Structures are given as structure tokens and as C-alpha cells.
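Colleague: If you read the sequences in order, they're chains A and B. Under our numbering, think of the first position of the first sequence as 1, with each following residue one higher. Under our numbering, think of the first position of the second sequence as 1001, with each following residue one higher.
Hints are supplied without guarantee of correctness; some may be wrong.
Here are the simulated SDA-like cross-link-like pairs (lysine to any residue), alpha carbons at most 25 angstroms apart as the crow flies [said to hold, decoys possible]: (1) K282/A <-> A1193/B; (2) K1148/B <-> L31/A; (3) K1306/B <-> L31/A; (4) K282/A <-> L1115/B; (5) K1120/B <-> Y38/A; (6) K278/A <-> T1301/B; (7) K1120/B <-> E161/A; (8) K1306/B <-> V104/A; (9) K1199/B <-> D14/A; (10) K1021/B <-> G178/A; (11) K1016/B <-> S172/A; (12) K253/A <-> N1252/B; (13) K1021/B <-> K278/A; (14) K1114/B <-> L280/A; (15) K1113/B <-> I19/A; (16) K1114/B <-> W182/A; (17) K164/A <-> T1227/B; (18) K1113/B <-> F284/A; (19) K42/A <-> K1021/B; (20) K1215/B <-> K278/A; (21) K102/A <-> I1296/B; (22) K1021/B <-> W182/A; (23) K1021/B <-> R105/A.
These are calculated hints, taken from the structure and not from any lab test. Fair warning: this is a prediction, and the values are worked out from it, not measured in the lab.
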Amino acid sequence: MNNSIMNGKARISDTVIRIMIYISAGFSVILLIGIIGYVFIKGIGSVNLQFLTTVTSTLKKTVGIAGNIVNTLYIIVITLLIATPVGIGSAIYLNEYAKPGKLVRAIEFTTETLSGIPSIIFGLFGMVFFGNVMGFGYSILTGSLTLTIMVLPLITRNTQEALKTVPDSYRSGALGMGATKWYMIRTILLPSAMPGIITGVILAIGRIVGESAALLFTAGSGYLLPKSGMGFLTKIMESGGTLTIQLYLSMAKAEYSTAFGIAVVLLVIVLFINFLTKYLAKKFDVSKVD
Amino acid sequence: MENQQTFSIIGNKRNKSAVEKAAQGIFTLCALIAILAVVSITLYMIMNGTPALFRVGIKEILFGTQWKPTAENPSYGILYVILTSIVGTTLAVLLGVPIGLLTAVFLAETAPKKLAAVVKPAVELLAGIPSVIYGLLGLMILNPLMYKLELALFKGSETHQFTGGANLLSAVLVLAIMILPTVINISESALRAVPASLKSASLALGASKIQTIFKVIIPAAKSGIITAIVLGVGRAIGEAMAITLVSGSSVNMPLPFNSVRFLTTAIVAEMGYAAGLHRQVLFTIGLVLFAFIMIINISLTRILKKGDKKHE
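Model the full structure from these sequences, guided by the hints.
Modeller: Written out as C-alpha cells, the structure is:
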């Protein structure tokens, strides 16, 4: 009767496995704390006003990442200007217009495929297609167009999820009162789906900020600020390295203090984006509205 | 009278139906862009990746072990590069999946609410950290550790080329960490999707909680867990920037302490200065990577379809 459950003893193998489960779960937490702690300790020293607001100058022997911050913003804005409408449009088609069939399956399969293609492949494609064939060269525009294809699935899928949660009674209500389909989508569906769309856009921003392999051979590595006036527009056709690219280049040149400084800035942005998505998800959570 | 007609639904019908048609057309176009993108990526990868295969010879490229693209008598064998990606990804998955699966079990089954509220956000944040930062930390923390290990292991060895710690093993560790969030998230939702009745039945029969998890819940969530593993493989084989500097800078056989090049890192490291045939061969490497990814994607859809059918 030694192994009867009536003794109330835990099996040894159960205890061992339970300990392994806790160790595995603890690993992620320790890893995260370690990464954030290490980066901040190593990098916080290089982050100051000059680092954030000036451009690296060999003459004055100062290091600054203002140009890279501006490039990152350029790429975020241009990418989203193209990817958001297309992604939303695609989701509306899939959810509101399309009838199940070969076309829908093809669109869903390709959207799935796009989100599985590694960024280095997007980089190669962008370099050849947007850079050489379309003739944009190494430029912010080439980089943005490449990233547009990359973040498209993210926006499409989030919008689609949001549209699915809009009750059918909204649709029939609007149509029953005589609204046309487009009017119904514009005034009823899109506002109701807005939280999901915004979440998709913010996730896309996070992806763009962290992206590097797809940008290395498309947007290049320029680190200068745009010249004033028309310079803000012509900058789009010039090469511009984002924060991640600059981090990689600094790392490759063994300028580790700059690299860690940029890593601190990137981590702060990532933490902020994560917080923002959490906040929005909580604020717009339909299941908790009474 | 005229004013009234402007507002009549009959007067507006033609305008409205034009707007309706336009809207539908635009949305359809938007949806077709995904297809267009995948088709053109496939075409361009094939167009740019195949010329080198014919100029150098399929056998010489895919099964050659000499990678000397800039030598006077250049040779373009990428067998070791392909093997490195396969071996590296396999090892990373073997390391990462057990840890990831156990963490998923923790989150879905055994965790007290308070602890889950710490672990879950931590995993989400790990997924958001840019890959270059993983690379930076690998270079600054893992490589020196590996170098110490290397010095201790190969003390006095004359055949071993010292790498300063930038070797296959370092890259595998970085990759294993980077696939964790993917594996954890997908397997957690798979575990949660298992019907509660299965769990209750097993517990009612006297199985312990751990027995229930490993003999009932995990087998029931099999297809979701396989999906998690396949996605992890895709993530590991496609990762570039995190391991470019961590894995070393020369093409070698994929042994743990050798400096190696992966499919991805070979492209990143050499595309900047490559020209002519060298550049074309780099595109061939890209094509090989693309082929791997497409195989993974297609098997993924197969698995998902099978899982769907079972539930019907």
C-alpha cells in the first residue's frame, strides 16, 4: 500500500517536473530583467542631450543619433501612410465583400506567407525591386516600401479581427435603414473597429522600430539630418539608417558605448509601445464594458 | 422643387452606385496586393538566384565546401552554409522548445495568478526586443564566456582555430532565446484550447495534475504545439542580424566551436561589397533560404488544415 494516494504523498517525478516548469518560467523573467538591466547599466552613461539632439561629427569628435531618430520617424510615417489604408482595405474586402472561395483562400494564404518570410528576404527583394528596377536606390522611400509589404499582414489581420467582433445586428441595422454598404462601412464598421485598427498600427510601429535586416540594403546607412525647407521632402530619396542600423554599424565597428546608448533608446521605445498596446487593449476591451 | 430632388434617393442612385462600385473595386485591389507581393517576391528570388546556379554549376554551388568568393580562382561552395543553418536551427529548437513548452504549461495550467501576471508580460516584452539588441548582448556577454570555455577545452590543441568565442554554439544560444516567445505563445493558446472535460475526466480517474498535463492535455494539444515548433523553426532559420557578429566570420563545418556562417549571415556580411558573380551567388543563398521558408509555410498550412478537420 506504499504508493496509495491515500497516503497523500506527492510522486517524486511530479515534484521534479513541477520544479522544471518553474525554472523554465523563471528563465524568461530573469532573462528579461538581465537584458534590460545590463543594457541600461552599460548604456545610460552615453545617453545625454547631445547624444539625442546632434549628429555624429568627426570634426568636433562628438557622437549623436539625431539623424537616425529622424530617419526612423520618416520610415515609420511613410510606411504607415501606405500600409494602413491598404491593410484596412484588404481586411474590409476579406470580411465584408468576399465570398468564400479560391480567391479568398489565395489572399489568406499569401497574407500568412508574407508574415512568415524572414526580413532578410524582404531586404533582398526591396533592394532589387524598389532599389534597382524602380530606381529609388538606397533611400528612405525604398526602405519604407519594403517595410510596407512586411507590416501589411499585421494591419490586415488586426483589422480583420476587429471587424469580426462588430455584431451583425449593426450591419443589418444600418442597411435596413437604407444606408448603402460603403456608407455603413464608413460610419458604423470602421469606428467600431477603430481600437483593433489602432492596435495593429502600433504593433506595426514596434515592428518597424526593431527592424534591421530588411533595411540594411534598402534604406542604407545615412545619418545626417534633413536640410531645412525642401530638404524635408528630398530626404525621402536619400539614404537614411534607422536606430537599429546605426546600432549594428556601431557594433561592427566596435564602438560599444554608442551601441549601448542606442540600445537604451530602443528599449525605452519598445517598453513604451508595449505599455501603450496594453493600455489600449484594456481601455477598449469589449468584454469588460457593462 | 429642385432642392427637393437633390435629396431624393432616386436622383442620387446613379452617384451612389458609382461610389459603391468604386469602393468595392478599391478594397479588392488592396486585398490583391498580398498576392501580388508574394508572387513578385517569388519571381524575383528565382530570377536573381538561378543565374549563378547555371554559371557555376548546381553541384559546385550546392555541394561544394570551398567558399572563396574573392580569391583569384574563386569557388562558391555553400554546402557548409546550408548545413550550418540546418544544424544551428535544429539545435536551437531542441534547446528552446522544451523550455518554451514548460513555460507554456506553467502559464496555462500550473501558475498561480500573481506569478502568471509577471511571466506573461515578460514573455511579450522579450518578443518585442529588437534582434540587434540580442546580437549586441550575445557579442558582449556570450562570446567572452564561450572564449573562456574554448580556451579551457582546446588548451594546447594545434588543429583548432581559436575564434574568440564567436562560434556556432553562441549563435545557437541566441537563437534558442529568440524563438522562446513564439513557442510559448502558440503552445499556450493550444493548451488552453483543450476542452476542460478531458482534464476533469483524467483528474477524476485519479491521475495527478502533472500526469494529466503530460499524458492528456499535451497530447490533445499536439497540432497546436507542432505549429509552435514549426513557427519557431521559421523564426530561427530566418534570423539574421542577431547572429551575424555572434556566429563568427568565416565559412566552416558546423561544429560547436567553429566560426560559422548561416544562410542569413552570409548575405548580411557580404552583400555590402559583393559584385558580379559573388553577388549572384549571394542571391542563390537567398533563394535556398526562401525555399526552406516556403517548405515551412506550406507544411504549416497543411498542419493547420488537419487540425481544423479534426475539430469539425
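Colleague: Evaluate each hint against the coordinates.
Modeller: Status of each hint after checking the structure:
At most 25 angstroms may separate the alpha-carbon atoms for a hinted pair to count; K282/A and A1193/B meet this at roughly 23 angstroms. For the hint pairing K1148/B with L31/A, the CA-to-CA distance comes to about 22 angstroms; that is within 25 angstroms, so the pair holds. About 36 angstroms separates the Cα atoms of K1306/B and L31/A, which puts this hinted pair outside 25 angstroms; it is violated. Between K282/A and L1115/B the alpha-carbon distance is near 20 angstroms, which keeps this suggested pair within the 25 angstroms criterion.
The hinted pair formed by K1120/B and Y38/A meets the criterion: a straight-line CA distance of about 21 angstroms does not exceed 25 angstroms. Taking the CA atoms of K278/A and T1301/B, the gap is near 30 angstroms; set against the 25 angstroms cutoff, the hint is violated. Between K1120/B and E161/A, the direct Cα distance comes to roughly 22 angstroms. Compliance with the 25 angstroms bound is thereby established for this hinted pair. Restraint check for K1306/B and V104/A: the C-alpha separation of about 19 angstroms stays at or below 25 angstroms, so the hint holds.
The straight-line distance between the Cα atoms of K1199/B and D14/A is roughly 17 angstroms, inside the 25 angstroms bound, and the hint therefore holds. Between the alpha carbons of K1021/B and G178/A the distance comes to roughly 17 angstroms, so the proposed pair stays at or under 25 angstroms and holds. With a C-alpha separation of about 19 angstroms, the suggested pairing of K1016/B with S172/A holds against the 25 angstroms cut-off. Between K253/A and N1252/B the alpha-carbon distance is near 23 angstroms, which keeps this suggested pair within the 25 angstroms criterion.
A distance of roughly 38 angstroms separates the Cα atoms of K1021/B and K278/A; the hinted pair therefore is violated under the 25 angstroms criterion. With a C-alpha separation of about 22 angstroms, the suggested pair K1114/B and L280/A falls inside the 25 angstroms cut-off, and the hint holds. Between K1113/B and I19/A the CA atoms are separated by roughly 17 angstroms; this keeps the pair inside 25 angstroms, and the hint holds. Between K1114/B and W182/A, the direct Cα distance comes to roughly 46 angstroms. Violation of the 25 angstroms bound is thereby established for this hinted pair.
A distance of roughly 24 angstroms separates the Cα atoms of K164/A and T1227/B; the hinted pair therefore holds under the 25 angstroms criterion. Pair hint K1113/B plus F284/A holds up; C-alpha atoms about 23 angstroms apart against a cutoff of 25 angstroms. For a cut-off of 25 angstroms, the pair hint linking K42/A to K1021/B is broken: about 58 angstroms separates their Cα positions. Between K1215/B and K278/A the CA atoms are separated by roughly 35 angstroms; this puts the pair beyond 25 angstroms, and the hint is violated.
At roughly 22 angstroms between alpha-carbon atoms, K102/A and I1296/B fall within 25 angstroms of each other, so this suggested pair holds. Among the hinted pairs, K1021/B with W182/A is consistent with the structure: their alpha-carbon atoms are about 9 angstroms apart, no more than 25 angstroms. Proposed proximity of K1021/B and R105/A is supported: the alpha carbons are some 23 angstroms apart, at most 25 angstroms.
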